[in-house]
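K.L.:
Residues per chain are reported as follows:
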Amino acid sequence: MWNLILKDIRLQKNALFTLLPALFIYLFSGLSVTWVGIVFCIVIIMDVFSKDEKSSSNILWNALPYTRKEIVSSKYIGALIFTTLILLTILAGNWIIHQEFIQWEQIILVTSVVIFFTSFAFPFAYVFKIQYIVNASLVLLVLYLFTVSTFIPDLNDRIRGFVQTIIGLDDIFLQLIVILSAAVLYFLSWLLSIWLYNRKVF
Amino acid sequence: MENVIELNKVTKAFEGFKLENLSMTVKKGFITGFIGGNGAGKSTTIKLIMNLLQPDRGDISLFGLDYKNHEKEIKQRIGFVFDNNIFYENSTLLEMKNMIKRAYVNWDDKVFNQYIEKFALPLKKKIKTFSKGMMMKASLAIALSHHAELIIMDEPTSGLDPTFRRELLDILHDLIQDGERTIFFSTHITTDLDRIADYITFIHQGQHIFSKEYYKIEEEYAIVKGELELLDRDTEREFIGIRKSDYGFEALTANKEHTAELFGDTAILEKPTLEDIMLYTKKEREAYVESYS
Amino acid sequence: MRIIISNHSKEPIYGQIYTQIKKQILTGELQAGQPLPSMRKLARELDVSVITTKRAYEELEKNGFIYSVVGKGSFISEQNNEMILERKRKVIEEQLSAAVQNSKEIGIELAELNELLSLLYKEDT
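Protein chains in written order, with our numbering: chain V, 1 to 202; chain B, 1001 to 1293; chain P, 2001 to 2125.
Hints are supplied without guarantee of correctness; some may be wrong.
Restricting the straight-line Cα-Cα distance to at most 30 Å, the calculated cross-link-like pairs of lysine-lysine (DSSO-like) are [claimed, not checked]:
(1) V:LYS51 to B:LYS1124
(2) B:LYS1212 to B:LYS1225
(3) B:LYS1027 to P:LYS2062
(4) P:LYS2062 to B:LYS1212
(5) B:LYS1124 to V:LYS13
(6) B:LYS1271 to P:LYS2023
(7) B:LYS1118 to P:LYS2041
(8) B:LYS1027 to P:LYS2010
(9) B:LYS1128 to V:LYS200
(10) V:LYS13 to B:LYS1125
(11) P:LYS2041 to B:LYS1110
(12) B:LYS1212 to P:LYS2054
(13) B:LYS1256 to P:LYS2062
(14) V:LYS200 to B:LYS1068
(15) B:LYS1282 to B:LYS1271
(16) P:LYS2023 to B:LYS1256
(17) P:LYS2088 to B:LYS1216
(18) B:LYS1212 to P:LYS2072
(19) B:LYS1068 to B:LYS1110
(20) P:LYS2022 to B:LYS1027
(21) B:LYS1126 to V:LYS129
(22) B:LYS1028 to P:LYS2062
(23) P:LYS2022 to B:LYS1212
(24) P:LYS2054 to B:LYS1027
(25) B:LYS1072 to V:LYS200
(26) V:LYS200 to B:LYS1018
(27) B:LYS1216 to P:LYS2022
(28) P:LYS2072 to B:LYS1027
(29) B:LYS1068 to V:LYS51
(30) B:LYS1271 to P:LYS2010
(31) P:LYS2022 to B:LYS1028
(32) P:LYS2072 to B:LYS1028
(33) B:LYS1216 to P:LYS2062
(34) B:LYS1216 to V:LYS200
(35) V:LYS129 to B:LYS1028
(36) P:LYS2054 to B:LYS1271
(37) B:LYS1125 to V:LYS51
(38) B:LYS1018 to V:LYS129
(39) V:LYS13 to B:LYS1110
None of these hints come from the bench; they were simulated from the model.
Use the sequences and the hints to build the structure in full.
P.N.:
The following block contains the structure:
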C-alpha cells in the first residue's frame, strides 16, 4: 500500500514543483495563511484523486496485487501526508519570508477544514465523478454569493468573526473536540469509501 | 490435469446482459483461446477472472485459491494485457514501469529490458504518443516481466499489424516451453488461434458453448454442403445451423461421423473454421429465440 | 528427423506428424533409443500448438513406436520388425478376404479381381 502512496507522490512531483513557488508568492502577498493553506491542500488532494479516476487506472491498480481496501486507504493516508507536506512548507515559507511562526491554532484550523472537506469529497468522488463535485461547488459558490448580496450582506464578516473565534479559542478542551470530531469523521468516511469502492464497477 | 482457472456456475447480471451459470476451466501449461462474438461476455468473464468484478453467484478459483482469502497471492502470479491503454497517458514507459514494479515480488528488470530492446520501445516518451501496436508491446513487456505463471490477455492482437501478430505468437510459443506457464486470451481474429491454441473456449450470449481441444473441433464438427432435397425434418435435426439458398444448403454439424454415415456420398463434408462455428451457433440461437417468441 | 506440415491437407496436423515419424521409424531412419525432441520444442519448431504434438506422441506411444521416461522425454522404441511385418500381413489378409467376399457377392471372377488389384497396385506407385 505504501507503494500506492509513493506512486501518488511521484505522479504529483511535477504539480508540486509548480505549485510550491505559487504558494510562496501567495505568502509574500500577505494573504491569510489559513486560506492559502486550505486551498492548496484541497487542490492537491483532489488532483491526486482525479488522476486515478478513469476506469482504465482503476483497472490497472486493481489488476495489480493490491486490494480495494488498500487502494482506498492509500488515498486517505496520502491526503494526510500531502496536508502535512504543505503545512510544513507554509511553516518554513512563513519563517523565511516573515520571520514568524504561524499560530498553532491556524494549523489546527487548516487541518480540520481539509479533513472535513476530504471526508465528504472522497465518498462522493467514489460514487460520482469529480467533475460533479466541481459543478456542485460552483453552484454552492453562486448560492453563497447570492446569499451574501441579498439576504445576509455581512456573511463574510460573520464567517471571519467565526474563524477568529475558533482561532482565538483558548479552550484546549474545545480544540480537542474539533480535532477529535474531525478524526472520527475522517475515519467513518474512510470506512464508507471502502464500502463504496468495493461495489464500484469499472 | 491441473486447472489454473476454474469457474463454477458463475452468474453475473448487468442491465441488459447476463452471464449465466458459466462453468469453465483452463488447463495448466497450455494456451487457451477464448472466442465469442461481440457482447458474448468475453471481457466480463476476463474481469471476473481478474477479480475486477465479483460474481453474483458461483465460485471462481485460480491456482486452486479463492480471491476472498488469497487476492494478493493470486494477482502476484498473473500477468495481464488489456485491449485498451491502462497506463497514465502523461507518464513515460519508464515512469510507468517504476510505479508498477514495486507491486511485484518477482519483478525482473533484466527481462523487462530484454523485451524493451526486442520491441524497440522508447522508455522516455510519453505513453500518449504511442501507437496502438506500441501500446500493446508495452503492456506485454510489463505483463511478462515478473515471471507470471498465468498470462491473461483481452484481445491482444486487435490493432496489430500481421508481422507483429506473428511475432507475438512466437513469443507465446517460447513462453510455454517449460510447461509451467498458462496462457488464456480472448480474440475475435480466429485465424490467430489456428497454429497456437491448444484449447478453445467458446461462449455465446453469456453462456458457455464448449471448451475443447482444438483438434477435437476438427474431428467433431464439419460443414456440410448438399442439395436441398436432402433436407427433411429428420435430417435437419442433424445440424446446429442451416443456411439455405436456391441452389442448395450449407450447414454445420457437431457430429461429423454420424452425418457422414447419414448422407454418404450425397453431401460434401468440409473442415469448418472457428468462424463457421461461431456463425452457425449464433444462427441456431436466433432461430431458437424466434420459434419461441 | 524431417517433418513437413501441410495446412491444406485433409489429414489433421497431429496425423501428419504421426505418419511421418512412424514412417521414419519403420524405414530405420530413426533408430531405437534415439531421443525425440520434447513435444513443446517440436510444437515451437513446427509452429503448431502443443496439444497437437502431444496427441501425435500419444498415438505413437500407444502403438509402441516410442516410449517416454518421466523427466527425460521420449525415445524411439526397440522395433520388432518381424512382428510388425507379421501384423501388417495379417491386416492385408483380412482386407483381401473382405474384398473376395464382396466380389463373390456380386459375381466378380478371380481373373477380373486380379486385374483390378494389379491396376490399383501400379496406380499407387
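K.L.:
Now, for every hint given, state plainly whether the structure supports it.
P.N.:
Hints and how they fare:
1. V:LYS51 to B:LYS1124: The given pair, whose Cα atoms are some 20 Å apart, holds under the 30 Å limit.
2. B:LYS1212 to B:LYS1225: OK: B:LYS1212 and B:LYS1225 at ~25 Å, within 30 Å.
3. B:LYS1027 to P:LYS2062: holds, 23 Å
4. P:LYS2062 to B:LYS1212: holds, 22 Å
5. B:LYS1124 to V:LYS13: Within the cut-off at roughly 17 Å; holds.
6. B:LYS1271 to P:LYS2023: holds, 26 Å
7. B:LYS1118 to P:LYS2041: Holds, at about 21 Å.
8. B:LYS1027 to P:LYS2010: OK: B:LYS1027 and P:LYS2010 at ~28 Å, within 30 Å.
9. B:LYS1128 to V:LYS200: Answer holds: B:LYS1128 to V:LYS200 is near 27 Å, not above 30 Å.
10. V:LYS13 to B:LYS1125: holds, 17 Å
11. P:LYS2041 to B:LYS1110: holds, 24 Å
12. B:LYS1212 to P:LYS2054: holds, 15 Å
13. B:LYS1256 to P:LYS2062: Cα-Cα ~24 Å, so holds.
14. V:LYS200 to B:LYS1068: holds, 17 Å
15. B:LYS1282 to B:LYS1271: Satisfied, since the Cα-Cα distance of roughly 19 Å is no more than 30 Å.
16. P:LYS2023 to B:LYS1256: It holds: about 28 Å lies between the C-alpha atoms, which stays within 30 Å.
17. P:LYS2088 to B:LYS1216: holds, 28 Å
18. B:LYS1212 to P:LYS2072: Satisfied, since the Cα-Cα distance of roughly 28 Å is no more than 30 Å.
19. B:LYS1068 to B:LYS1110: violated, 33 Å
20. P:LYS2022 to B:LYS1027: holds, 29 Å
21. B:LYS1126 to V:LYS129: Holds, at roughly 25 Å.
22. B:LYS1028 to P:LYS2062: The hint holds at about 23 Å.
23. P:LYS2022 to B:LYS1212: holds, 27 Å
24. P:LYS2054 to B:LYS1027: Since the Cα atoms of P:LYS2054 and B:LYS1027 sit roughly 14 Å apart, the hinted pair holds (cutoff 30 Å).
25. B:LYS1072 to V:LYS200: Between B:LYS1072 and V:LYS200 the Cα gap is close to 19 Å, so the pair holds against 30 Å.
26. V:LYS200 to B:LYS1018: holds, 18 Å
27. B:LYS1216 to P:LYS2022: holds, 22 Å
28. P:LYS2072 to B:LYS1027: Roughly 22 Å between the alpha carbons, so the hint for P:LYS2072 and B:LYS1027 holds.
29. B:LYS1068 to V:LYS51: holds, 28 Å
30. B:LYS1271 to P:LYS2010: At roughly 8 Å apart (the allowed maximum being 30 Å), P:LYS2010 and B:LYS1271 satisfy the hint.
31. P:LYS2022 to B:LYS1028: Cα-Cα ~29 Å, so holds.
32. P:LYS2072 to B:LYS1028: holds, 20 Å
33. B:LYS1216 to P:LYS2062: Given pair B:LYS1216, P:LYS2062 holds - Cα atoms ~18 Å apart, limit 30 Å.
34. B:LYS1216 to V:LYS200: violated, 41 Å
35. V:LYS129 to B:LYS1028: The hint is violated at about 41 Å.
36. P:LYS2054 to B:LYS1271: Holds, at roughly 21 Å.
37. B:LYS1125 to V:LYS51: holds, 19 Å
38. B:LYS1018 to V:LYS129: holds, 26 Å
39. V:LYS13 to B:LYS1110: holds, 27 Å
This entry does not satisfy hints 19, 34, 35, going by the numbered hints stated previously.
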